[in-house]
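Participant: Below are the chains, spelled out letter by letter.
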Amino acid sequence: MSEIKLMKGNEALAEAAIRAGLQGYFGYPITPQSEVMEYLALEEPKHNYVLLQAESEVAAVNMMYGAGGAGARVMTTTSSPGFSLMQEGISYIACAQIPCLFANIVRGGPGLGTIQSSQSDYFQATKGGGHGDYHLIVLAPNSVQEMVDHVYLGFKLADKYRSPAMLLSDGAIGQMMEKVQLPSPIEYKPDKPWATVGKKSGQERNYLTSLYIQPEEMEEKNIELQAKFKKIEENEVRFEEYKTNDAEIIIVSFGLSSRISKKSVDMAREAGLKVGLFRPITVWPFPANKIADIAARKQVKFFISVEMNAGQMLEDVKLAVNGKKPVYFYGRMGGIIPTPKEILTAVQERSRS
Amino acid sequence: MKEGYKLIYQKPKTLRKKRMHYCPGCFHATTHKLTMEVVEELGIQEKTIGVCPVGCSVFAYDYMDVDMQEAAHGRAAAVATGIKRMHPDKIVFSYQGDGDLAAIGTAETIHACNRGENFTFIFINNGIYGMTGGQMAPTTLEGQKTTTSPYGRDPKKVGLPLKMCEIVSQFDAVAYVERVSCNTPANARKAKRAIKKAFEYQIQGLGTTFIEVASNCPSGWKCTPEESLEWLKEKVFPYYPLGIFKNPEEK
Ligand SMILES: Cc1ncc(C[n+]2csc(CCOP(=O)(O)OP(=O)(O)O)c2C)c(N)n1
Ligand code: SF4
Ligand SMILES: [Mg+2]
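Line by line, the protein sequences give chains V and A. Residue numbers for the first sequence, in the numbering used here: 1 to 353. Residue numbers for the second sequence, in the numbering used here: 354 to 604.
No lab work stands behind these hints: they were computed from the structure. Nothing here was measured: the structure is a model prediction, and the numbers come from that model. Check before you lean on any hint, since a few could be wrong.
[Claimed, not checked] Label-pair ranges, simulated between beta-carbon atoms:
hint : chain 1 : residue 1 : chain 2 : residue 2 : range
1    : A       : E495      : V       : D191      : 53 to 61 Å
2    : V       : S201      : A       : K509      : 51 to 59 Å
3    : A       : E580      : V       : P110      : 29 to 37 Å
4    : V       : N289      : A       : P377      : 55 to 63 Å
5    : V       : G334      : A       : K509      : 54 to 62 Å
6    : V       : E38       : A       : G596      : 41 to 49 Å
7    : A       : P377      : V       : E315      : 49 to 57 Å
8    : A       : P591      : V       : H131      : 37 to 45 Å
9    : A       : L395      : V       : E204      : 19 to 27 Å
10   : V       : S201      : A       : K586      : 37 to 45 Å
11   : A       : K364      : V       : D191      : 43 to 51 Å
12   : V       : E204      : A       : I597      : 32 to 40 Å
[What the hints assert, rightly or not] Straight-line Cα separation of at most 16 Å, EDC-like style, residue types lysine to aspartate or glutamate; simulated pairs:
hint : chain 1 : residue 1 : chain 2 : residue 2
13   : V       : K200      : A       : E602
14   : A       : K370      : V       : E3
15   : A       : K371      : V       : E204
16   : A       : K366      : V       : D133
17   : V       : K200      : A       : E393
By construction, the Cβ of each residue, glycine as well, lies at the ideal position given by its N, Cα and C atoms.
Input sequences plus hints: build the corresponding full structure.
Facilitator: Printed below as a string of structure tokens:
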């Protein structure tokens, strides 16, 4: 049964995971996302999932590999420094093609950084993050409701493509309280003939590996993976547009900064500027084709990428626009959240120059 | 069977028909066989899931005919934890070298043992990094020469070799710890018995079971297989004594 509740982003994410049939959670505490494990720990007696606080994020991601490889629906959540520690494991998971769900509730870096909200892990999330050629499916929620919806979607896409998927969220969305509609619980029945659950008699054993020592085999594996990534790019791009139809100026923004940018759009419209917002919901696969279409529109004068980092998605926007129109950037770093007014001012300055 | 012949020994059916890549005389091959004989004798081939490490035994899944996962270097204990927690009714083992289990993976090893994860460690301690060409391991003996300790291991600089059986037998949740070897047929039989007991205790749900094989690496030690057996007797066993460190039957 679906339900409407007032919930904190991190708790909504945890509740959504339970409802989506979570079977294993492995994590290590880090602010600003520890509420996820705390919520799951409180709820544990009522459900059937396995919850284990690991000795590190390195261990947690490898428990995900083991449990996910043995067919379970598994999730871990962390924040930036912890996500860095998981990268080696994610690279193995991507190559061994183990479906599982990650959430990075991003805080400002580099280093130990700040516990305040940031978007400075965009590169790490969308460009692979670890060693080798691979991608995760990366969803960028901008509300507590989407924290819920993207858990369902993330699990579904992970299974569909035998791939790691992740939520690229941030501290503010993790901590904010909003009304959410919680979907009805799923009875999860995995269909994973490749999983290591014990060799069936008369059948070949299952094994999961990322080792292909002969370069020809390794290249073949890479070709297989790239074909999968291409399919994901063709089928799973998601985005939202706000007042872009007649817009002359396009703000491109994801996650938390897109929420703020939406207000800036309204303020700009009141001030007589035709501004629209383009929000990638999947930051990988990136909606490059759609941005290219918009760039081709005659009335569009320029793009401005608004992010809480030093300009990371900016590179993807530039690649998509491909020189057709100018692409500018406005951002704050280190855990500072820009105000709608600040973004509006940046847009106004660009439109005057 | 040809007339007049009697079958007295054959490879276990749980070993795949694949030529092993191990160097001549290496105990990895022996330990693979012993482990798979145990799986066959216990009739648990369809319920067993193995985890192989990064090290010379990285290809163990090519030889062992059970479901397997290949872990990142040092993480086999975490991977085995993930599998066993999801499938408590399955028999899970990790198969790891000394660099894997006692250097890069020490944290995972110690914590899995302290939690009493109900799987079996098969720990191949050959005192060296075999796969990468004979570098110093956490278990390299004092004075032992390797490519990264060319003048011999200096404990003042890098400490003394780690004794994993002695360490993990301290944990309450660890059920069974034994150090074995394969340097003689008698010892190999003992090693097999130990692996079998470990699996049986796991099936009984007693907690972590940990079998260390005081192993050899003729290639890394730069000696013949025969000389490696001498080295084991003269140098390794005095520092790493064989025997049971923890026995659930004595509780
Ligand atoms: C993260 C990482 N660091 C280093 C390596 C290189 N490496 C591969 S195997 C190995 C040591 C293996 O030694 P051991 O675990 O003792 O196994 P053996 O080959 O002796 O059986 C090292 C350092 C690696 N694969 N991954
Ligand atoms: S290098 Fe050493 S451990 Fe590796 S297969 Fe050869 S003898 Fe065995
Ligand atoms: Mg070794």
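Participant: Give a verdict on every hint.
Facilitator: Each hint, compared with the structure:
{"no.": "1", "hint": "E495(A) / D191(V): 53 to 61 Å", "result": "holds, 55 Å"}
{"no.": "2", "hint": "S201(V) / K509(A): 51 to 59 Å", "result": "holds, 56 Å"}
{"no.": "3", "hint": "E580(A) / P110(V): 29 to 37 Å", "result": "violated, 51 Å"}
{"no.": "4", "hint": "N289(V) / P377(A): 55 to 63 Å", "result": "holds, 58 Å"}
{"no.": "5", "hint": "G334(V) / K509(A): 54 to 62 Å", "result": "violated, 44 Å"}
{"no.": "6", "hint": "E38(V) / G596(A): 41 to 49 Å", "result": "holds, 45 Å"}
{"no.": "7", "hint": "P377(A) / E315(V): 49 to 57 Å", "result": "holds, 54 Å"}
{"no.": "8", "hint": "P591(A) / H131(V): 37 to 45 Å", "result": "holds, 42 Å"}
{"no.": "9", "hint": "L395(A) / E204(V): 19 to 27 Å", "result": "holds, 21 Å"}
{"no.": "10", "hint": "S201(V) / K586(A): 37 to 45 Å", "result": "holds, 43 Å"}
{"no.": "11", "hint": "K364(A) / D191(V): 43 to 51 Å", "result": "violated, 35 Å"}
{"no.": "12", "hint": "E204(V) / I597(A): 32 to 40 Å", "result": "holds, 37 Å"}
{"no.": "13", "hint": "K200(V) / E602(A)", "result": "violated, 34 Å"}
{"no.": "14", "hint": "K370(A) / E3(V)", "result": "violated, 56 Å"}
{"no.": "15", "hint": "K371(A) / E204(V)", "result": "holds, 14 Å"}
{"no.": "16", "hint": "K366(A) / D133(V)", "result": "violated, 38 Å"}
{"no.": "17", "hint": "K200(V) / E393(A)", "result": "holds, 14 Å"}
In terms of the numbered hints stated before, the structure departs from hints 3, 5, 11, 13, 14, 16, listed from lowest to highest.
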